[in-house]
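Protein chains in written order, with my numbering: chain L, 1 to 249; chain H, 1 to 249; chain S, 1 to 249; chain Y, 1 to 249; chain Z, 1 to 249; chain B, 1 to 249; chain X, 1 to 249; chain D, 1 to 249.
Derived from the structure by calculation, the hints contain no laboratory data.
Where a beta carbon is used, it is the ideal one built from N, C-alpha and C, also for glycine.
Among the hints, a few may not be true.
Claimed, not checked - Calculated cross-link-like contacts (lysine-lysine; reagent style DSSO-like; alpha-carbon spacing at most 30 angstroms):
{"hint": "1", "chain 1": "Z", "residue 1": "167", "chain 2": "Y", "residue 2": "169"}
{"hint": "2", "chain 1": "L", "residue 1": "62", "chain 2": "L", "residue 2": "111"}
{"hint": "3", "chain 1": "L", "residue 1": "48", "chain 2": "S", "residue 2": "167"}
Stated by the list, open to error - Now the stretches of chain S that chain H is said to cover, found in silico as 3 or more residues with beta-carbon under 8 angstroms:
{"hint": "4", "region": "81-91"}
{"hint": "5", "region": "177-185"}
There are 8 protein chains.
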Amino acid sequence: MNADSLKSLLTAVANGQTSVEDALSSCRHLSVEDIGYAHIDHHRSLRKGFPEVIFGQNKPVKQIIGIMERMALWEKIILVTRIEEDKAGAVLEKFPDAVYHKDARMICLIKTPLPVSGKGDILVISAGTSDIPVAKEAALTATAMGNRVETIFDVGVAGIHRLFRYKEKIEAAAVLVVVAGMEGALPSVVAGLVDRPVIAVPTSVGYGSSFGGLTALFSMLNSCSSNIAVVNIDNGFGAGFMASIINRL
Amino acid sequence: MNADSLKSLLTAVANGQTSVEDALSSCRHLSVEDIGYAHIDHHRSLRKGFPEVIFGQNKPVKQIIGIMERMALWEKIILVTRIEEDKAGAVLEKFPDAVYHKDARMICLIKTPLPVSGKGDILVISAGTSDIPVAKEAALTATAMGNRVETIFDVGVAGIHRLFRYKEKIEAAAVLVVVAGMEGALPSVVAGLVDRPVIAVPTSVGYGSSFGGLTALFSMLNSCSSNIAVVNIDNGFGAGFMASIINRL
Amino acid sequence: MNADSLKSLLTAVANGQTSVEDALSSCRHLSVEDIGYAHIDHHRSLRKGFPEVIFGQNKPVKQIIGIMERMALWEKIILVTRIEEDKAGAVLEKFPDAVYHKDARMICLIKTPLPVSGKGDILVISAGTSDIPVAKEAALTATAMGNRVETIFDVGVAGIHRLFRYKEKIEAAAVLVVVAGMEGALPSVVAGLVDRPVIAVPTSVGYGSSFGGLTALFSMLNSCSSNIAVVNIDNGFGAGFMASIINRL
Amino acid sequence: MNADSLKSLLTAVANGQTSVEDALSSCRHLSVEDIGYAHIDHHRSLRKGFPEVIFGQNKPVKQIIGIMERMALWEKIILVTRIEEDKAGAVLEKFPDAVYHKDARMICLIKTPLPVSGKGDILVISAGTSDIPVAKEAALTATAMGNRVETIFDVGVAGIHRLFRYKEKIEAAAVLVVVAGMEGALPSVVAGLVDRPVIAVPTSVGYGSSFGGLTALFSMLNSCSSNIAVVNIDNGFGAGFMASIINRL
Amino acid sequence: MNADSLKSLLTAVANGQTSVEDALSSCRHLSVEDIGYAHIDHHRSLRKGFPEVIFGQNKPVKQIIGIMERMALWEKIILVTRIEEDKAGAVLEKFPDAVYHKDARMICLIKTPLPVSGKGDILVISAGTSDIPVAKEAALTATAMGNRVETIFDVGVAGIHRLFRYKEKIEAAAVLVVVAGMEGALPSVVAGLVDRPVIAVPTSVGYGSSFGGLTALFSMLNSCSSNIAVVNIDNGFGAGFMASIINRL
Amino acid sequence: MNADSLKSLLTAVANGQTSVEDALSSCRHLSVEDIGYAHIDHHRSLRKGFPEVIFGQNKPVKQIIGIMERMALWEKIILVTRIEEDKAGAVLEKFPDAVYHKDARMICLIKTPLPVSGKGDILVISAGTSDIPVAKEAALTATAMGNRVETIFDVGVAGIHRLFRYKEKIEAAAVLVVVAGMEGALPSVVAGLVDRPVIAVPTSVGYGSSFGGLTALFSMLNSCSSNIAVVNIDNGFGAGFMASIINRL
Amino acid sequence: MNADSLKSLLTAVANGQTSVEDALSSCRHLSVEDIGYAHIDHHRSLRKGFPEVIFGQNKPVKQIIGIMERMALWEKIILVTRIEEDKAGAVLEKFPDAVYHKDARMICLIKTPLPVSGKGDILVISAGTSDIPVAKEAALTATAMGNRVETIFDVGVAGIHRLFRYKEKIEAAAVLVVVAGMEGALPSVVAGLVDRPVIAVPTSVGYGSSFGGLTALFSMLNSCSSNIAVVNIDNGFGAGFMASIINRL
Amino acid sequence: MNADSLKSLLTAVANGQTSVEDALSSCRHLSVEDIGYAHIDHHRSLRKGFPEVIFGQNKPVKQIIGIMERMALWEKIILVTRIEEDKAGAVLEKFPDAVYHKDARMICLIKTPLPVSGKGDILVISAGTSDIPVAKEAALTATAMGNRVETIFDVGVAGIHRLFRYKEKIEAAAVLVVVAGMEGALPSVVAGLVDRPVIAVPTSVGYGSSFGGLTALFSMLNSCSSNIAVVNIDNGFGAGFMASIINRL
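Assemble the whole structure, with the sequences as input and the hints as a guide.
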């Protein structure tokens, strides 16, 4: 339930368009709703300005749809992350207005987009071609949360002149999300170029001693730049979310 | 060299108080200065609004003093982190205006404090009594960088009613730094209470399977709250720095 | 062989309904029985009040059925854990009275339920929707062992007000089983609310630096609450068993 | 503040021996008390039947004494764990009635012992001579919490006949704490002999691939016995505490 | 080439049944033979009393057959380990006298069995039902190498009376191979009962913190018994081989 | 774009065969070209003497073909590594002149081979039959980069006389690439025999405590020979590349 | 108590030199003796042919002496391992006949040496100079247990010709103990040269990615030779013991 | 024994200045010399152009001096690495011509320097001030082996413009050694700028999740540049040695 839905409801009561009983019933779910396999927090977008996001991995598609149905009563934006193509198909049959972004493995159901706000642009940079899916998850999240988002892909440190071509764009960003696998060095370099906050996202791209992203993760945590903080491996969503929270401070 | 120093110099030249030759010589260090064991980046506070911070660990005290002497020519604030009491004593003999914060293992040499700015307060919370040194390093850093800083210590999740006594203070903060060792659960709980960015700092406090802070670190990276990003173990300085960068966005 | 079976047998001998020879033959398996691929401990339910439980993972279905056939001669309750749907199907063909709980991956063959006993209720709490299968394994085990069992699902620490809605239920429980993946913080918080024993179960739910449950495991071992002990990752059965043992002390 | 202290106070007020003002002042600390570096939870022994225990490791002795002074106003029992001999000396100067147990690195300040209660005996078993300090920490904790405690030391699995000499004592115990380093096999063997709950404590005793107790910890978590739960490496206190909580269920 | 083959060849030359040229040609492969993807060491059974054993895992079936064809010219026994059922089928078509042991994933092609020799029996013990495949690999290897082999399966430490039923058999063995997954405690207990060498084999059986056998491996390396040495996880072949080498000392 | 292509273009302009406008347009891609999912560095073979190599793993085949199409305009040699058979099939349909090396999982598209140069031969040695794919990747890379390459396969340290048969070849090489899985000991032994640089390549061949190549990797990093440096697990390409760079110094 | 002591006692009783009462009293300790901090197994040398060995690390010197005093009543040989020089001094004051081997950190108190027995020589080989202490611990143990022992030190694989100078000695040994740190490759090479059992001992010698001996340990477990089994890091005593057990089979 | 020493000796014999007997005696050590705790390989500088280097860590100073005394008879250059100041003092008393480099913990005893040779300069770059000791070990080694060596210190990636100031020097080097701790990103960036071989050296500088250099090590192994190979953590000597071997190819 977002602030607008609540306001409409109260106005309808004030106008006599809705009886107090009906309004009460509608508000029943303003608190946490227990649907057996999940507790849906309908208060969340009122309190936080953005509703809960559904983590699709490991969840049966029936549960995903069940949660969406409850949320769809009140929310204008519903995001589902880490959802594979076949499960997404079943969701889209139920919610034809939803859009599935295959490379980012993400469903966006946006009835009314949030107006663009925030201090400035969020810039999402990725080191390699294979890091793009995680980078896109970050970009889609930040966009859905009402930010203007720019992207630069495939500018890893092994050919650092590729990065420097975008110096202006980099310096103009308010918040940066930098995505890298393998040695995970790109966030350190980027953070050294700017005085803005950088959210670093390690990816599981690599082989051998990349350890499914651990090497990149630890590399980022040990950055000698100080305007960096790190999220979990492949957590593009978390990075986009954190960047949005910072941008709208 | 900060912007004020540069402006004074240029004014003095304009007024004829300083000859062009002398000014040139003074500016010699505006670029990076190589003193053998270190490259001092005098541009940094011009570019970034805050000078380099000296990481004291492993550095011979002679090198620390050497770097401080070069920086002190231009900078109004010099911080040294991770410096033990005996080395700090030698530094304070040379720089009697510097202050040593023993529990945070930090030297602050502040000729002219930065004016308080930023969106709001930075709140530093620590889970246990033993986490206080890291929390203080974060708080001192954020204060030196021109923020109003509040602290709450020893409110770990095992007695969560202690935390809830500070609900108002928590909800009022613009940016939060949450410091915890052992199971590292506090940042998740705090982040669930607010819609502001939380910088989580794992500490090496604990024993056995705390692995010198790794358990807390991984716990924080896996937080089911999304408004969290993490810095390295015991990196109070980094957390205070990142929080400041965010707060002044 | 449970105490009732033994008593019936002895009574039959006393009554002359069973010859001593036949009784002897029946008792042959009172000791350990070697069936080639397994040593079945028929003494166990006599000694311990509950028969052996079959760990289904990695065992060929033929062996599972073979063991069940030997046990079924004497036991009133047979549990099989970690058995996938296809193997379970083959078992249920042989034992039509058995019930397969798909989400908990568990077969319960209960000829005569144990009477409810114990100090009080066992409460099973899970942090996330994806932790439910492990939580259900714990709940089914505790129920089969003769306890009254309550459950609360999806009340992770990121929205801690969801947990506090159940404060009374939590404080009323005699023994608690708390199941969590990702950062594994829930058992610490719950244990801080009660003065009863909490069995913590880490799950392999998560990604990246959750390391298949290791992060949750270590988080729980490092809990700053002291009324916690931990079982292996995803070991819902063990937690339910231990809770039952404690409850009937 | 325990229940007795509170009752005395209220009686004194009822009798007019204490003015309401003085009583109020005394009660000031019934809630959580903030002494800067610690939040002391005076409610705890009221709520839980046992006061907070001070974790001495890493805490400056001044802080330990400071916390003890606040607690001593109300509590009848104060325990300090993991405190080295020199720091303990300083504490005992302040609190001459306290006793320091050097091998267990523990201070017990017991004004009025708790009456012995609980379902039965708690038995503490250790595998090797070097595991004794951790075993004693468990035994002292359980004793202070009002249990009858028995101990058997140095009965590791390499000479298992040593263990079997104590079969009766083992079978008679209500709750068992089993302490082992190196391969950590003892809890599995003991748990197989009884139908009571076993709290397993890995110790950091060993070398090479014992990894400071990790091997013993993982060995215990993987026990094929099901009546086992595990606490952190060297956490004798936690094991004694958990055993007491179970015993008084 | 074993000693018998060589003797026959030389006798044939001595008798004039074989020309020197033909004999020379036959001996061409007495040294190492390079067949492109492998160097076959035909000297080995002459030097060591047993030919090379083919490690089937990861090898294309064409290479396995190719190596067998070269070895079959001279050797009386060929073993292939870690070969899955489908690949084994292709091998057996080529070598109809070979036998595939499915649970041990092993092919034995035995033209002439080695006579039984050695100091005494080799006893292979396994802790759980799921450890049987590895135990059988050890037993088949030791049998093929000319030892009398006994086995006891499913006698893990959680029900240690099952083990003690076989005390005599255990004490009678000359060399013991003890196979265990999960907590890996069985070799320690067995080694404490005998004064003979014990080869411990960890298996990858388990889940969660069993880490694919690492916990069992480390447990065995840390055994407080001294008559133990350890081989790699799941290395039944190596254990059977080492036991044979010891037994024929 | 290599030097020859550039020279032809400039000559054509000089001769009037190409207008300045057309030449300009051709040169557009001399700098980095952004094709959305990749930044292609056309300068690279001009600067470095060898074009970028496409890492096929995780890249959709459409992207691989897209990158090849842009590169094929200017480059004489294109390599694609870590590409599975089905994806390779799709590539070869587009580029019929390309060759797929199935065991090395590598595509070589060589329009004009580089002339053989370098100080001497590069020798690639592999320890086991299963290490051959990685060894071949190294050999193909070095060959494509214009070196004479020799190979020796299956000469692991367990039968070290097999290695010594190739002593002359080993001593004659200018640079050596030594590939080994399992215990990874071969590079140490080989490096002890020569005074030339050895590039060591660990492979993921093995099981149990080989940890997917980590054991071999660490073994090589700890070599007591000093003329060794190491590349990532299974990184045959990197080893062949580094050996070529050294050989042409 | 060894067999000789027992025989003397019984003879004395038979001769009337000792009264039955005195003999009984003497035999009191034939069973396990509990001295509070240790259970001394006086049966052990009767049962196993060699008494318990005292692991000195972490044991207070008072306990070591206490155990030795009880053992000295009956045993002819007492070994103490891992005992530092200062603690050894205190022991030698009490037992002037004991000898301290400083580099092996071992005390040997040998009243009557065991006669040399066994199948043949035990050969102890070490890879580097720094591995000698562990190698000596193995050699001293095997010598004390009644074997003829040979040693070769500092013949690591980086200069393998040093090893081959001792080919005859190596081929003549009945059992081999091979000690190596760093890459741990020596046991693989040695085992390839012989058809006798090799006990491999990793040492903690090295730095960086040697991980205190883990790299050598895993290298040895992954040996492509099959006549190898491994003991814990730095466990020279265990290797010497196991080799003796094998040699006297 | 280097080639010059040998030539002088032979000339002296030819001239009759040395009797054959004396020469023979002098040559006694041309083969490997066994001095009990070490096998000195006097052939090495003849075969390899550079004598053995003494690894000082863990070696008693008496052994270091003993080895030096034997080597000093023939060699013109002796290096001792990883030797602490107090042990170095004892060495210098014996060898007054030796020089101790305290920051690199290295002794160089150079009677006759090697002439400068090689393809070009070796450039040693370090990321941070604290990495200088390792960088100096590399530089001293390469200098002693007859290379011209350049150094650049403190140019980490967080302020990458510091690195670019040295672009010409970097591009002019024949071989590069790049030393970095923490995130270990510098070698990737440097290797991207050149087409020469880069030897990457991780250092143990850092804290928290730097894991004593492991993060830097893995970061370097995962570099997306291909002209990189890596040596062990803190192995400045190995890097300098490998760079020299490459430079003189």
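Status of each hint after checking the structure:
1. A distance of roughly 24 angstroms separates the Cα atoms of residue 167 of chain Z and residue 169 of chain Y; the hinted pair therefore holds under the 30 angstroms criterion.
2. Restraint check for residue 62 of chain L and residue 111 of chain L: satisfied, since their Cα atoms lie roughly 22 angstroms apart, inside the 30 angstroms limit.
3. Between the alpha carbons of residue 48 of chain L and residue 167 of chain S the distance comes to roughly 24 angstroms, so the proposed pair stays at or under 30 angstroms and holds.
4. Look at the region 81-91 of chain S against chain H: 0 of its residues bring a Cβ nearer than 8 angstroms to a Cβ of that chain, fewer than three, so the hint is violated.
5. Given a C-beta distance limit of less than 8 angstroms, the hint that chain H covers the region 177-185 of chain S holds, as 4 residues qualify and 3 suffice.
Violated hints amount to a single one, hint 4; each of the other numbered hints is respected by the structure.
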